[in-house]
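J.: With the hints as constraints, model all of the structure from the sequences given.
For the protein sequence lines, the chains are L and E, in the order given.
Under my numbering, think of the first position of the first sequence as 560, with each following residue one higher.
Under my numbering, think of the first position of the second sequence as 23, with each following residue one higher.
Heads up, a few of these hints could be off.
Across the chosen pairs, the derived CB separations fall in these ranges [what the hints assert, rightly or not]:
id : chain 1 : residue 1 : chain 2 : residue 2 : range
1  : L       : G1043     : E       : L78       : 49 to 59 Å
2  : E       : L78       : L       : N1338     : 31 to 41 Å
3  : L       : H1330     : E       : T30       : 57 to 67 Å
4  : L       : G1013     : E       : A149      : 20 to 30 Å
5  : L       : G1261     : E       : E41       : 40 to 50 Å
6  : L       : Q576      : E       : D145      : 23 to 33 Å
7  : E       : T30       : L       : T1160     : 23 to 33 Å
8  : L       : T693      : E       : Q53       : 29 to 39 Å
9  : L       : S845      : E       : P144      : 36 to 46 Å
10 : L       : A1010     : E       : P144      : 50 to 60 Å
11 : L       : D1098     : E       : T30       : 48 to 58 Å
12 : E       : E41       : L       : S845      : 12 to 22 Å
Computed footprint of chain E on chain L; a stretch qualifies when at least three of its residues, placed anywhere within it, have a C-beta under 8 Å from a C-beta of chain E [what the hints assert, rightly or not]:
id : segment
13 : 570-579
14 : 582-591
15 : 760-772
16 : 868-875
17 : 1068-1075
Just so you know, the hints here were simulated from the structure itself, not pulled from any lab data.
Here the structure is a predicted model, which means the values were calculated and not measured.
Where is the CB? At the ideal position from N, CA and C, for every residue including glycine.
Here's the letter readout for the chains.
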Amino acid sequence: MGNVIGIGAAPKRKEDQRFLTGRGNYVSDIKRHGMAAGVFVRSPHGHAVLRGIDTSAALGSPGVIAVLTGEDVKADGLGSLPCGWGISDAKGVPMKEPPFPMLAQGKVRFVGDMVAFVIAETPEQANAAAELLTIDYEVLPSVVGVLEAVRPGAPQLFDDVPNNICCDWELGDNAAVETAFRKAAHVAKLSLVNNRLIGNPMEPRAAIAAYEPGTDRFTLWTTSQFPHVVRFLMGALVLNIPQHKLRVVAPDVGGGFGVKQFHYGEEAVITWAAKRVMRTIKWVASRSEGYVSDRHGRDHVTEAELALDETGKFLAFRVNTLANMGGYLSTFGPNIPTNLYGPLLGGVYTTPAIYCNVKVVFTNTVPVDAYRGAGRPEATFVLERIVDVAASEMGIDRVEIRRRNMIPKEAYPYQTPVLVQYDSGDPMGCLDGALVAADVQGFGIRKAASASKGKFRGLGYSTYVEACGLAPSRFAGRLGARGGLYESATVRVHPTGQVTVMIGTHNHGQGHETTFAQIVSEKLGVSFENVDIVFGDTDRVQFGMGTYGSRSLVVGGAALSKATDKVIAKGKKIASHLLEAAEVDIQFESGKFSVAGTDRTKTFEEIAGAAYVPHNYPLEVLEPGLEEQAYYDPVNFTYPGGCHIAEVEVDPETGTVTLVNYTAVDDVGTVINPMIVEGQLHGGIVQGVGQALFENAVYDEGSGQLLSGSLMDYCMPRADHMPMMKVTTHSTLCTHTPMGVKGCGEVGTIGSPAAVINAVVDALAHLGVTHVDMPATPNRIWRLLQNASLPVAAE
Amino acid sequence: MTVQISFTLNGRPTNVDVEPATLVAELLREQLNLTGTHIGCDTSQCGACVVHLDGLPVKSCTLLAPALDGATLLTIEGLQGAPGSNQMHPMQEAFREHHGLQCGFCTPGMLMTAIALAAEKPDLTEADVRQGLEGNICRCTGYQNIVVSVMAGAAAMHAAEGE
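T.: Encoded structure:
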C-alpha cells in the first residue's frame, strides 16, 4: 500500500530533484564517444536565387569532415518536410503546397533558411569552416507583411502560388450573416493586428544523431515534444528509414510551447548526415539562431464586424483575416489560423451566425506554426476586443453586454454555428467569481488614486473559451488532418507491485511525472513513490502523439486511466482463482482485491506476484504477467474557459503601461494537482501579458531582415514586469473524458492578451482612444497620447 | 595554445588546461562535465548560466576561463550538503516546496541568483526579489512561484544561520 497520493492532492513534483540539483538530462548535456559537431549555414537574405555554393575552401579547413548542401539532398533522392494538415477552400480546392526542402534548393525564402550543413571535429572548426563557404545569391526583393504580400506586383515566393495565397479558407454561413447585418441596430467594426511572436523556450533546440552500421539503426536525440511523430514523419516521409530502424529520443526538454512540436529540417539533415559520414554528430542552436529558425507564432491582420440588436444582443459576427505562414508550410502551419481559429469565434456567446474568411499567405519570414494557444488566443483577442468596442459605442457596460450574450450554464451542451459543440461550462460563474476576486467594486477608488498621481488606470475583461485535448481523430480527419490524434499508455506492473507507465505524451515542464503518478496511485492503490512515468523514447514507449494543445492529461491521461482499468480487470481474474470465488464477486478497493461479503482478500502486490510466479494459475485461460495497454481517441474536444480581469496604470509622461492587478477564474474541469495547475495558469498568463505589452517579432519589409533577432531586441517578460496574480478555478466537469478533466496548459495565454489590451484601452478611453495594437509598448502609447484629440492630462 | 589555470571548484582544487578564448560556461559543461550550468542565450540576457565567482553571482557565458585562475567557483552541483547525499540547500528545498520550477532549464541559474540575493540582504521584499531576478528569464512559470520560493528560501537560509 504505502503512500497513496490521489486526485486533488498536491504532492511535490517527482521531477524536481534532478532539475534542482543540476542533474537534468537535456540533449545538449549528452556526450557520445567520437562525437563530431555540426553547424548550419543559413541564408542572410530574405529572398534570393541560390546560384551555387563553393564548398572547396571549407572542405580544406582544419577538422572538417563534410559539407552538405541541397544538391546532396537532391542527389540522394530525399523527400521534403511534410505538412501534417491539408486544408481546402470553400469549393474544395486544396491549399497550394510547395515543397519544403530540408536544405534549400534553387531559392531561399527567409533569413535563416538552411543552405548547408558543415560537419567538423569541433564546433569551433565547423564554425570557422562555415565562414569559408562562398555562396552565390541573386538577391530578390522580400515581402514580409501579409497586406503587402497579396498586393498586385508583390514579390512572388513560388511560381505556382499566385498572389502568395496558399489557401482562401472560409467557415460559417455567410448568407445568414449578411441577413443579420441588414437587420442590425448597430454594427461595431475593428481592424487589428495580432503580432508575431517568437517562442523562446529557455532551452534552445538541439539534436544528436548516431548511426550504427552493425545493426543498421539510427538514433536521434532531439528537443522534441513528440518523438514518435518525428520518427514517423522523418523515417517514413523524408529519409526512408524503416520505423524499426529508427529510435527517436527526447529526454528532458527545457520548455516547448509548441516551438518544439514540429518536424524540423535540422533533425532530418543531421540524421541523414550521420550515416553519410559514419559519425555521431551534435548540433546545438544558439538563441539567435533559434530566432531565425524556430517556428514563429500568431501574425494576423484582421477586419472584424459585430452586428447587434438595439438591446446589445449579438446577431452576427464576421471576421476577415490574413494569416502569415512564412516562407514554407510547417508541420501544422495551415491548421492554426483556420481550424483552430474559426471554430473559436463563437466564444462564450450565443451569437447565432458567424462567418470567417482566412487568407493563408506566404511571405519571406520564418514559417509560422502552433505556438502556446495556437489560433485560440487570436480568436479570443478579436472577439473580446470587438465586444468592448460594441459596448463602448452602444453605451452598455462591458460586463453587462457580456452577461446579455453569454451561454447560460443550463444551455450546455451548446452547439455553436461554427462546427464545435461545447459539452460543459459556466462562463457566468467564472465572471461572477472574477468580479469579486478582482474587487471591481473598488476600482473607482483605485482609479481616483491613480489620477491624483497623474496616472490613468484601466480595467479590462476577457471571457473566453478554448478547444483543448487535441483531438478526436475522426473530426480532425474531416478538417484535413493527415494523422490521428489519439494517445496511448502502457501500465507495467512489476512482480513486486511497483508500476512503470509508458506513455506517448511528453513532459517538458508540465509535471506529468507527478500528475500521472497520482492517477495510478489513486486507481491502483499503490504508493506514489512506486510509480514511474516513462516518455520521450520510441524504443521504450509503444507509440504516442506527444504533448501540445493541452492534450496530455485529457487524451493521454484518459489512455492511462483505461489501461489502469484493464490492469484491475485482469487482477480480478487472477484474484478470483487465488481466492476461489467467482470473478463477478471480486471487488477492488484501496489496493486490495476481496471477495464481496467476506474477509478474504489479496493485496495488489500479492496479485502482481502471482501473475509473474504462476504456480497456482489456470494457464489455459489466463496469461501470466500483469501489463496492459490502451489507446484512447477522444469523442470531442474539451472546452476550458474562464474570465480574466487585468488592471493597468498608464503613465502619460512616458507611455509606460504597468500591470498592477491580474485576476483569473478558470474552468479547467477536474483538477488532479492544484499546485501544478496553478503553475500552468501563471505561466500562460505571463505569456499573454508578454504579447500584449512587450513581445514583437519585427521584420524589415524589402530586405526581409529580422530586426528583433536576439534577446537584446525582443522584450521577454521578466519577474519585475508582473504583480502577484490571483488565480483560482471554477470548474465544471467535462462530460466525456474519464476523469472530467479539460486541460490547463494554454488557458492563461488564451485569456490574457485581450484582458490586458482592454484594460489599456479603458485607461485611455477618455482621450478618445478606441484601440491599441499589441504590444502596447511605451513608444506606441506615447505616440497615441501625442496624437490624441484631447490634452494629455489626468482627469 | 592552451593556458593552465588553477581554481577551487565546488570546494575542490582544480587544475585545467584551457584555450584562452574558452568561456567559463563552456569549460564547465564541455571539459569538466558539469552540465548543470545551462546556456540559454548568446547575449547574456537569460541567466541560465549564473554561477558564483568568489561568492558573487556572475553569468558564466560572459567570463573567460583564464579569469578563474586563483578564484573560487561555486556551481549548482556544489550546492548540496554532504557529497553523495540527496540533501538539498534551503533554497533548493524552497523551490521544490513552492513549485518554483517547471521545465527546469532556467532553474540552476535562478537558484544561484536567488542564493546570492538572499545572502546579500537579510529581509528581502517581493520588490527586491523581482528586481533581483531581472537578469534571469523563465518562460514557464510566470515567475510568481519563483518569487515566493526565493522569499521562503531566503528566510530558511537566515533561520539556519541564526541557529
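J.: Closer than 8 Å Cβ to Cβ for three or more residues is the test here. Does the segment 570-579 of chain L pass it with chain E?
T.: It holds, with 8 qualifying residues against the three required.
J.: Is it true that the C-beta distance of Q576 of chain L to D145 of chain E lies inside 23 to 33 Å, as the hint says?
T.: holds (30 Å)
J.: I want to verify a distance hint. Is the separation of the beta carbons of T30 of chain E and T1160 of chain L within 23 to 33 Å?
T.: violated (59 Å)
J.: Mind taking a look at whether chain E covers the segment 868-875 of chain L? Criterion is 3 or more residues with CB to CB distance under 8 Å.
T.: violated (count 0)
J.: Is the coverage entry for the segment 1068-1075 of chain L by chain E consistent with the three-residue Cβ rule at 8 Å?
T.: Per the Cβ count (3), the hint holds.
J.: Between the beta carbons of G1013 of chain L and A149 of chain E, is the distance compatible with 20 to 30 Å?
T.: holds (21 Å)
J.: Quick check on a hinted range of 57 to 67 Å for H1330 of chain L and T30 of chain E, using CB atoms only.
T.: Roughly 59 Å apart at Cβ, these two residues keep to the hinted range, so it holds.
J.: Could one say that the CB atoms of G1261 of chain L and E41 of chain E fall in the range 40 to 50 Å?
T.: Once the Cβ atoms are compared, 41 Å apart, the range 40 to 50 Å for E41 of chain E and G1261 of chain L holds.
J.: Report holds or violated for chain E covering the segment 582-591 of chain L, Cβ cut-off 8 Å, minimum 3 residues.
T.: holds (count 6)
J.: Could one say that the CB atoms of S845 of chain L and P144 of chain E fall in the range 36 to 46 Å?
T.: Taking Cβ atoms as reference, S845 of chain L and P144 of chain E lie about 39 Å apart, which means the hint holds.
J.: Taking 29 to 39 Å as the stated bounds, is the beta-carbon spacing between T693 of chain L and Q53 of chain E within them?
T.: At 34 Å between Cβs, range holds.
J.: Using the Cβ atoms, figure out if E41 of chain E sits within 12 to 22 Å of S845 of chain L.
T.: At 19 Å between Cβs, range holds.
Checked against the numbered hints listed earlier, the structure breaks hints 7, 10, 11 and 16; every other hint is satisfied.
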